[in-house]
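Asks: So you can see what is in the structure, the chains are spelled out below.
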Amino acid sequence: MAVLRQEGAVSVARGRRRGGTRRARRRPNWAAGLAALAWLVFVGVPIYLMVKDSFQPKDAYLDGGPLSPPHSLTLDNFGQVFDSGYARYLVNTAIVTAASVVLTALLAYPAAYAIVRARSRIVSATFRIFLAGLAVPAQATIIPVYLMITRMHLYDSPTAIILPTVAFGLPLSVLVLSSALRDVPRELYEAMTIDGGGSFRLMWSLALPLSRASLTTISVYSALNAWNGFLFPLILTQSPEQRVQTLGLWNFQNEFGSNVPGLMAAVVLSALPIFVVYLFARRWLIAGLAGVGGK
Amino acid sequence: MTAAGSADRAARPGALWIVPAALFFGVFAGVPLVLTAVLSFTSWNGLGTPAFNGLDNWSRVLSDDAVWESLRISLVFMVLCWLVQTPLALLLGVWAAGRELNRAVLSSIFFLPLLMSTAAIAISWRVLLDPNFGLAATIGPYIGFPDGNIVGSQHGAVAAVVIVIAWQFVPFHTLLYQGAARQIPQMLYDAALIDGASRVRQFWHITLPQLRHTIVTSSVLMLVGSLTYFETILIVTNGGPGSATMVLPQRMYLSAFQSFQMGYASVIALVLAALGTALSLLIVRFSGFAKMRSTLEGI
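Quick note, the sequences are listed as chains A and B, same order.
Note that our numbering gives residue 176 to position 176 of the first sequence, counting from 1, and the numbers run on in steps of one.
Note that our numbering gives residue 209 to position 209 of the second sequence, counting from 1, and the numbers run on in steps of one.
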């Protein structure tokens, strides 16, 4: 599994780097074009309906059939979503996400650095454990995680979500970071050591600037994981005060299932931050996504 | 100063640098995995203290027809999801690898589902599948569901879940294939063109063989991933109608957090973990993936 996911991430990255040299095909491929249009309808129609419904008045969203063009636009649904506490859920999710990203980077980076630079059997054995850890599905551990979190009196707190989320993101993060750190030329370490740099300075002022790209990749990856997480919040939190956005959506559906425009407004809001990242940093988002899909 | 001599002078970090990450991972992922195995030999209701009860849970799970039925449903989902997603993702990925502007624009729309959480996707689809007010009411009559109640029928519910999962995950696998297809040397196609090979022949004899690593990667992720679909089914069908879409993770969740039979649920959790690991090992072995390792970057 480890190697497999790794290849996924790497091949995406490589595709981006070298793709530019490829020439366009000679003649247009009509059959493929038609199939792509069919897929466009399949992908586009649900997205169109989500966005359209979120701007339609609650009592009129069905007028003219589901596929009709939007008639009267309103922002009431979004206001209603915020009134029902969704802002709180977004803030909770943002806290969990920020903490997870920082914690993942702080833990994974020194570990990856040691894996590449340290000459120790313990380190290489630990690396193998991380690789094996890639194959462990979170569901297989959820019962003991629940047991541990309740015993640690962390149940129903942001920390309860952050701890296992970070733990399950670590293997891939360590893997991606360590393969990037391997590319730092040995001569640079030697040169800086002669200048009087210790291990920490080598990591901080030499390796870190050179591996910024993969650090961004794993940050996006862990941010997406945390932002979209469902299982850990579902099992490890309970009260509305601690609810994250994914559970908020689910809760909306159970409570106001018939208010489709309101529900769709919440769905649109939940994807909005990621969409903004997609617009401005598409490259990084795609690299991070390539990691997420492995989960 | 020679290069060999200076190699040992560069400061190297000690083994301690890996300890924080290792401890963290060990405590919140490693220990729980071991504890799942331990809990499978206990009786525990989620409160109190787990009490050992030997092989009770195991014999109950193994003789429970409902669990076997869930296993069967999980395997059916696994096969269906692979059959639906692989050809689609492969073709779309190869298509999206082209550099034409229309392909670039359409691809950026194709990747939009990647931006949504599983929960958001499942909830939107449940609205679409609503027999009274959703798209299902409009389309249903044309595809054999006069009342639009697709998720109300056994086969319809299974198909609906497979379609929702394809909607969510095909873009990711397309991304993998797109990246890989762009690695195929253009030279191969130029040579084939000189030999007069048709586009279809080029696909079968150049593109497919060149993508074999990616097919294995994508299939493993897809097959193993399909064992853990949980949110989608929880939200779209909640295991129903009856238990038509009650996959193993659903069964485990219900036993653990609705009926509070933690020991019993731990057995199912272990079965899931073992199934996933065995599956990825099998595919890796029979596809010769282990031999391909050396061609990979990193590691």
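Hints are not guaranteed to be accurate.
[Said to hold, decoys possible] Chain B residues, not near chain A, derived (Cβ > 12 Å throughout): (1) Gly-26; (2) Ser-63; (3) Trp-82; (4) Leu-208; (5) Glu-231.
[Stated by the list, open to error] Partial list, derived from the structure: chain A residues whose beta carbon lies under 10 Å from chain B: (6) Val-43; (7) Phe-55; (8) Leu-73; (9) Leu-75; (10) Ala-112; (11) Leu-147; (12) Glu-190; (13) Gly-198; (14) Leu-208; (15) Leu-210; (16) Gln-245; (17) Phe-280; (18) Ala-281.
Derived from the structure by calculation, the hints contain no laboratory data.
We treat Cβ as the ideally placed atom computed from N, Cα and C, and that holds for glycine.
Asks: Each of the hints needs a verdict: does it hold here or not?
Replies: Hints and how they fare:
Not every Cβ of chain A is farther than 12 Å from the Cβ of Gly-26/B; the closest lies at roughly 8 Å, contradicting the non-interface assignment. With a cut of 12 Å on Cβ distances, Ser-63/B stays outside the contact zone with chain A, its closest approach being about 21 Å. No Cβ of chain A comes within 12 Å of the Cβ of Trp-82/B; the nearest lies about 15 Å off, and the non-interface call holds. Once the 12 Å rule is applied to beta carbons, Leu-208/B is consistent with being away from chain A; the minimum gap is 15 Å.
At the 12 Å boundary, the C-beta of Glu-231/B falls inside the reach of chain A, the nearest C-beta of that chain being 5 Å off. At about 6 Å, the closest approach between the beta carbon of Val-43/A and any beta carbon in chain B falls short of 10 Å, and the interface hint on this residue holds. Below 10 Å, beta-carbon pairs count as interface contacts, and Phe-55/A has none with chain B, the closest being about 15 Å; its hint is therefore violated. Checking Leu-73/A against chain B: minimum C-beta separation of about 19 Å lies over 10 Å; hint violated.
Annotation: interface hint on Leu-75/A violated; nearest CB of chain B at approximately 19 Å, more than 10 Å. Hint status for Ala-112/A relative to chain B: holds, with the closest Cβ pair at about 8 Å, below 10 Å. Annotation: interface hint on Leu-147/A holds; nearest CB of chain B at approximately 7 Å, less than 10 Å. A hinted interface residue such as Glu-190/A counts as satisfied when its beta carbon comes closer than 10 Å to some beta carbon of chain B; here the least separation is about 5 Å, so the hint holds.
A least Cβ separation of about 5 Å between Gly-198/A and chain B falls short of the 10 Å threshold, and the interface hint therefore holds. A least Cβ separation of about 13 Å between Leu-208/A and chain B goes past the 10 Å threshold, and the interface hint is therefore violated. Hint status for Leu-210/A: violated, given a least beta-carbon distance of 15 Å to chain B, over 10 Å. Annotation: interface hint on Gln-245/A holds; nearest CB of chain B at approximately 8 Å, less than 10 Å.
With 10 Å as the threshold, the beta carbon of Phe-280/A stays out of range of chain B, its nearest partner Cβ sitting at about 13 Å, so the hint is violated. Below 10 Å, beta-carbon pairs count as interface contacts, and Ala-281/A has none with chain B, the closest being about 12 Å; its hint is therefore violated.
Of the hints listed earlier, those the structure fails to meet are numbers 1, 5, 7, 8, 9, 14, 15, 17, 18, in rising order.
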